[in-house]
Amino acid sequence: MSQQPALMSLQAVAQAIAQKRLSSREATQSCLDRIAQWQPRLNAFMAVEAEAALAAADAADAALAKGAPPCALQGVPLAHKDMYYDAGRVVTCGSKIRRDFVPGVTATALQRLKDAGTIRLGSLQMAEFAYGPTGHNAHYGPVHNPWATDHITGGSSSGSGAAVAARLSFAALGSDTGGSIRMPAHFCGVTGLKTTVGRISRAGAMPLSQSLDTVGPLARSAEDCALLLGLMAGADPEDPTAVPGPLPDYLAAARQPIRGLAVGIPRAFYVDDLDPEIARILDDTIAVLRHEGVRIVEVDLPDQRQLSAACQLVLAVEAAAFHKRWLIERPQDYGPQVLMRLQNGLAIPGVSYLEAMRWRGPALAAHLAAAAGVDAVIAPVAPVAAPSIAASDVGNSPDAEAVIQRLTRFTRPINYLGLPSLAIPAGFTADGLPVGIQLVGRSFDEAMLLRIGAGLQRATDFHQRVPVLP
Amino acid sequence: MTRPSPKEIQAIAGAAGVPVSADVAARIANSIGPAFEGFAAIAGTLPFDLEPATFVAVQRAGSADPTAGKAAR
Chain S
1 MSQQPALMSL
11 QAVAQAIAQK
21 RLSSREATQS
31 CLDRIAQWQP
41 RLNAFMAVEA
51 EAALAAADAA
61 DAALAKGAPP
71 CALQGVPLAH
81 KDMYYDAGRV
91 VTCGSKIRRD
101 FVPGVTATAL
111 QRLKDAGTIR
121 LGSLQMAEFA
131 YGPTGHNAHY
141 GPVHNPWATD
151 HITGGSSSGS
161 GAAVAARLSF
171 AALGSDTGGS
181 IRMPAHFCGV
191 TGLKTTVGRI
201 SRAGAMPLSQ
211 SLDTVGPLAR
221 SAEDCALLLG
231 LMAGADPEDP
241 TAVPGPLPDY
251 LAAARQPIRG
261 LAVGIPRAFY
271 VDDLDPEIAR
281 ILDDTIAVLR
291 HEGVRIVEVD
301 LPDQRQLSAA
311 CQLVLAVEAA
321 AFHKRWLIER
331 PQDYGPQVLM
341 RLQNGLAIPG
351 VSYLEAMRWR
361 GPALAAHLAA
371 AAGVDAVIAP
381 VAPVAAPSIA
391 ASDVGNSPDA
401 EAVIQRLTRF
411 TRPINYLGLP
421 SLAIPAGFTA
431 DGLPVGIQLV
441 GRSFDEAMLL
451 RIGAGLQRAT
461 DFHQRVPVLP
Chain B
1 MTRPSPKEIQ
11 AIAGAAGVPV
21 SADVAARIAN
31 SIGPAFEGFA
41 AIAGTLPFDL
51 EPATFVAVQR
61 AGSADPTAGK
71 AAR
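Heads up: the sequence lines are chains S and B, in that order.
FYI, in the working numbering the residues of the first sequence are 1 to 470.
FYI, in the working numbering the residues of the second sequence are 1 to 73.
Think of the hints as simulated: they come from the structure by calculation, not from any bench.
Among these hints, one or two may not hold up.
[Claimed, not checked] A short list of chain S residues far from chain B (calculated; beta carbon distances all over 12 Å):
| # | residue |
| --- | --- |
| 1 | 7 |
| 2 | 97 |
| 3 | 105 |
| 4 | 358 |
| 5 | 388 |
| 6 | 461 |
| 7 | 468 |
[Stated by the list, open to error] Label pairs and their calculated CB-CB ranges:
| # | chain 1 | residue 1 | chain 2 | residue 2 | range |
| --- | --- | --- | --- | --- | --- |
| 8 | S | 297 | B | 45 | 28 to 36 Å |
| 9 | S | 50 | B | 50 | 49 to 57 Å |
| 10 | B | 50 | S | 249 | 53 to 61 Å |
| 11 | B | 52 | S | 150 | 38 to 46 Å |
By construction, the Cβ of each residue, glycine as well, lies at the ideal position given by its N, Cα and C atoms.
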């Protein structure tokens with residue numbers, strides 16, 4: 001096989017292993033070789049478990065050699081954001097407080113990927129307690145962007161974005177509460193799926209906000225995200241908020257043609273105050289959609305600033321409530337910015353929080369009505385490409401919250417509405433930094449987003465470009 | 001809905017069992033002020049017969065997944 005196995009797509013490597021054209025050991029060793037080269041530059045991994053991964057790969061190969069029918073991802077090595085509980089293994093949540101935390105249970109999403117035959121490469125860096133959009137971490141250092149290592153990856157799934165972009169893992173779990181999958185997908189040039197609230201069980205995933213948290217994959221293409229979603233989605237007795245029922249065939253949906261579909265472009269907010277390169281790439285993407293036979297329709301969405309403000313009220317209070325015991329007992333063990341943001345939630349009156357929660361239904365109804373004539377809405381993920389690590393290292397300065405809110409202003413409204421959103425690579429700046437766009441769908445309509453995203457990726461090659469080791 | 005003042009924040013945080021200094025209260029007021037201002041047009045306007053579960057009902061009624069819709073009924 002002439003291509004490095006680590007450069008293959010998730011689907012391709014799974015097929016090659018199942019058909020014994022490639023061994024799990026070869027795939028795993030290829031990832032480990034790249035990790036050894038890149039990790040000193042990226043800081044993407046919290047822990048690399050090379051020996052255990054190779055032993056698991058050998059076991060997967062042995063099972064296949066004995067004629068066992070392969071699972072969907074038999075012997076495929078993956079690493080995930082270090083907030084998915086894996087019974088008996090340390091899960092730091094990117095924090096000092098949980099530096100030695102060993103859970104007794106395994107997250108449902110992770111277990112389903114294990115049941116599909118995946119093996120563990122290690123764990124991936126993240127923002128402390130998933131509360132930060134840049135990729136900085138006061139305890140473990142920033143994760144560096146593989147496309148320009150003095151730039152941020154975005155967060156909070158910072159290691160997931162960097163590891164998938166640099167082809168260190170074929171895919172990775174992230175989580176998205178205010179943009180934490182889409183931001184790193186945008187800044188690192190990978191595909192990331194924020195799922196509908198209720199689509200994937202959150203049992204065993206570190207909580208940040210029970211109303212807003214979602215589990216989802218970062219991968220190298222929309223088709224790879226479709227494969228992973230199909231394996232993880234659905235009801236779970238451990239999480240009653242996970243919606244039951246038969247699921248669509250997401251991979252088949254991703255392979256459907258997009259000609260004749262309608263995509264909405266908001267007239268305001270998402271097109272305001274954009275960096276010129278982001279505006280250009282958004283226009284280019286719309287042109288590709290048109291070329292592929294998609295009808296582009298201008299849409300008037302309700303006031304997104306109100307949604308964003310409501311999201312901030314809900315997230316701040318719920319995060320503070322989860323952390324209250326440690327805020328009392330161990331405030332010194334938080335990084336300055338996370339402590340500052342958690343303290344914000346202490347100051348929001350209960351009535352304000354509940355008003356923000358009560359408005360969620362009417363706000364979603366208004367959004368769905370405004371977007372009723374289209375299959376999805378297209379928007380930028382962020383108004384800028386990845387800032388430098390130095391420029392975005394705002395800590396707990398007086399401007400920190402304003403910087404964070406500016407970076408996440410296009411993602412938070414979607415979290416408040418609980419809608420699915422697919423971020424896909426859409427171009428590069430003149431400086432070589434990747435830029436993504438997001439497709440926002442109706443509740444539980446991930447299949448449509450994957451269809452449009454895969455259609456775009458059949459017409460472009462941005463998702464196939466690989467950063468070069470500096 | 002007006003943004004809480006630093007003094008009010010000190011009182012609310014203290015009542016929540018996590019007292020904060022005057023400096024921290026001033027910083028919190030600065031941080032969360034825009035959220036209060038952004039939500040001001042909605043605050044105090046919601047109808048009486050509206051409850052948080054409305055979100056789940058709307059989500060599943062407006063869903064592309066008919067099974068999710070059935071689960072809500």
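Status of each hint after checking the structure:
no. : hint                      : in the structure
1   : 7                         : holds (34 Å)
2   : 97                        : holds (16 Å)
3   : 105                       : holds (25 Å)
4   : 358                       : violated (5 Å)
5   : 388                       : holds (23 Å)
6   : 461                       : holds (29 Å)
7   : 468                       : holds (40 Å)
8   : S:297 to B:45: 28 to 36 Å : holds (30 Å)
9   : S:50 to B:50: 49 to 57 Å  : holds (55 Å)
10  : B:50 to S:249: 53 to 61 Å : violated (37 Å)
11  : B:52 to S:150: 38 to 46 Å : holds (44 Å)
The structure is inconsistent with the numbered hints 4 and 10, although it conforms to all the rest.
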